[in-house]
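As you go down the protein sequences, you meet chains A and B in turn. Just so it is clear: in the first sequence, position 137 is 137 by this note's numbering, and no numbers are missing. Just add 381 to the spot in the second sequence (first one is 1) and you have this note's numbering.
The hints are simulated quantities; they were obtained by calculation from the structure and are not laboratory data. Hints should not be assumed to be uniformly reliable.
Unchecked claim - Below are the EDC-like pairs computed for lysine to aspartate or glutamate, each with C-alpha atoms no more than 16 Å apart in a straight line:
(1) B:504 - B:519
(2) B:533 - B:553
(3) B:440 - B:453
(4) A:85 - A:110
(5) B:565 - B:547
(6) A:23 - A:11
(7) B:504 - A:95
(8) A:151 - A:258
(9) A:34 - B:501
(10) B:604 - B:458
(11) B:574 - A:11
(12) B:574 - A:258
(13) B:533 - B:501
(14) A:34 - A:46
(15) B:604 - B:402
(16) B:604 - B:589
(17) A:34 - B:453
(18) A:34 - B:499
Chain residues, written in single-letter form:
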Amino acid sequence: MTMTDSAAHFDIDLASDGLLRLKAFGDWRARYMKPIDAALRDFADDSVGRDIIIDMSGVARLDTAGAMVLQRTFQACQNRTVNSKFIGAHDAHAELLRQIESHLAPCHVEPFHRNAFLKMTERLGEGVVNATRAMLELWDFIGHTLVSGAKLIVRPARMRWRATVHHMEETGLDAMPIVGLMSFLIGAVIAFMGAKILRLFNAEILTVQLVGIAVLREFGVLLAAILVAGRSGSAFTAQIGSMKLREEIDAMRVLGLEPIEVLVLPRVIALIIMLPVLAFCAAMLGLVGGGLVSWLVMDIPPALFMAQFEENIGINNFYVGLIKAPFFAFVIAVIGCFQGMEVEGSAESLGQRTTLSVVQALFLVIVMDAFFAMFFLEIDY
Amino acid sequence: MIETPDDYVIEVQGLRSQFGDHVVHDNLDLNVRRGEIIGVVGGSGTGKSVLMRSIIGLKHPDAGTVKVFGSEFYGADEKTRLSIERRWGVLFQGGALFSSMTVAQNIMAPIREHLGFEGELAKDMAALKISMVGLRAEAGANYPSELSGGMKKRAGLARALALDPELVFLDEPTAGLDPIGAAKFDELIVNLKETLGLTVFMVTHDLDTLHAACDRVAVLAEKRVIAVGSLDEVRRTDHPWIQEYFAGPRGRAALAAKAS
Ligand SMILES: Nc1ncnc2c1ncn2[C@@H]1O[C@H](COP(=O)(O)OP(=O)(O)OP(=O)(O)O)[C@@H](O)[C@H]1O
Ligand SMILES: [Mg+2]
């Protein structure tokens, strides 16, 4: 009897009596199964319906993987006569082999799949149906949010101030440095590029108007909205989505807490308050950036910049910028929360929803901005 | 019997664990022998899960040493760590299945990673484990979110057993199983211990499991192990919590069930 601790191996011999004999040696544990698996499969395929005797006396160690491979080989070959058997196994090994026998049925690994063409058509159809459904659900969600919001106006005591202030800090205050810096840089870039081109027409002084209008009307609020969509919209989805995964949302519902009121409204309100503030700061810092470049590069001193600014840029530009902010805020917050509520099942879904939330929010913000631009152009404001 | 350190699979000495000011373990000692099933009991929040996490290297001990298979996991190099990780399997309290994979893929993950099994062999192994823990073959294609609580436990156990480990950590394996399922589970564990020489570190509240499966019991209270030994030895210990635990209605019922 070989009791060496060598890797699993086996000998096959065809005795004169027509019986197949497989003699197993060594350590039949999981780590040694990979090299011999293919050979054993081939052997089993070649020996279907033969009588087989598996001699276990040389096996030093055995675990479920080894037992499974041996049993599988045995089951594949044997033609279920009394001659087929395991011999020479230690008690523990025999017991293990016996136990494994009932567990050999294959299992399902992946969810059921149809053929590729059907699958494609199915996905297409599913996509269309889901998109429609998602659209309707989003309207439904917006409706719910508005109704809950209206209820709050009737009964302001239900307002969750703590949560709202917390979100105001997280989405507004904490975003201030990055929004300010970005906006400052964009203001500077606009001034720089504008000056370069306007110089060709000897109209460098118009840089002030360019910076003023661009930053006040568009860039301040747009930059703030884009950063907030990326920063807070995704955070909303992730927060609410992981709560959904851990059944926290279900728990809220059965406890009589309305998720829209508890989770969604504080976020929406916080953002509606804070995005205008962010947009304001962004606009101011954008002007500072533009002014600084005008001063340093074009020798337009701050006093002249201010004078020119005051004379040529109406306060209406400022209002146009700010009036958009609450609308953007509403869209970003609602989409973020909605996508969070749509998370289902797995961590993967959470990731997909977070991406979707940012992409949709950005898309809608820019579309809305275009509509606003047309609207204000039409009414000549 | 004189015990040599070789007989110990897990050696915990002077362990101290704390979260901020909150000390969970202080000067805790525990040795686990090769080939035994040790049941760790204690009230909720006494630090059973934290002890398990300290042993498997998920929480750094704040003082003391933790040795598994004779070597310290902390401070070990990458290779030693990997070789230790291959020799143990862990079932977490919540199952901790990978949510983006089916049950079968969950089980195949460590098999592929550590054993390099591909294709049919990996699938065969997954099927074997799924069947061994008493799940139906169809469950292999389910995602964890589609399973019941008890099925998640079983799937988690199947993954813990995937590599045929020498040592398994089970955190409340029978919690959430129906009594018949729990009894089968105890049987399965004992069976694996006897056929494969498995060592089992099991956190449990289940008195029936203690009776049916555990060779020794360790009781956690007052930030340390206050008693360890066979069930009868521990039961005789004169400590209020232990007395209440075993002499309470559930303790007596489990004892009666064992006697009959
Ligand atoms: N990550 C953590 N941060 C802070 N404290 C923690 C952390 N994990 C655990 N604790 C604290 O450590 C103590 C022990 O927790 P542990 O999860 O080990 O309890 P347990 O004995 O497993 O209880 P149960 O039987 O309920 O599972 C508890 O008081 C818990 O509050
Ligand atoms: Mg626990």
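Against the structure, the hints come out as follows:
{"no.": "1", "hint": "B:504 - B:519", "in the structure": "13 Å, holds"}
{"no.": "2", "hint": "B:533 - B:553", "in the structure": "13 Å, holds"}
{"no.": "3", "hint": "B:440 - B:453", "in the structure": "13 Å, holds"}
{"no.": "4", "hint": "A:85 - A:110", "in the structure": "35 Å, violated"}
{"no.": "5", "hint": "B:565 - B:547", "in the structure": "21 Å, violated"}
{"no.": "6", "hint": "A:23 - A:11", "in the structure": "5 Å, holds"}
{"no.": "7", "hint": "B:504 - A:95", "in the structure": "23 Å, violated"}
{"no.": "8", "hint": "A:151 - A:258", "in the structure": "12 Å, holds"}
{"no.": "9", "hint": "A:34 - B:501", "in the structure": "11 Å, holds"}
{"no.": "10", "hint": "B:604 - B:458", "in the structure": "30 Å, violated"}
{"no.": "11", "hint": "B:574 - A:11", "in the structure": "30 Å, violated"}
{"no.": "12", "hint": "B:574 - A:258", "in the structure": "50 Å, violated"}
{"no.": "13", "hint": "B:533 - B:501", "in the structure": "24 Å, violated"}
{"no.": "14", "hint": "A:34 - A:46", "in the structure": "20 Å, violated"}
{"no.": "15", "hint": "B:604 - B:402", "in the structure": "14 Å, holds"}
{"no.": "16", "hint": "B:604 - B:589", "in the structure": "25 Å, violated"}
{"no.": "17", "hint": "A:34 - B:453", "in the structure": "30 Å, violated"}
{"no.": "18", "hint": "A:34 - B:499", "in the structure": "8 Å, holds"}
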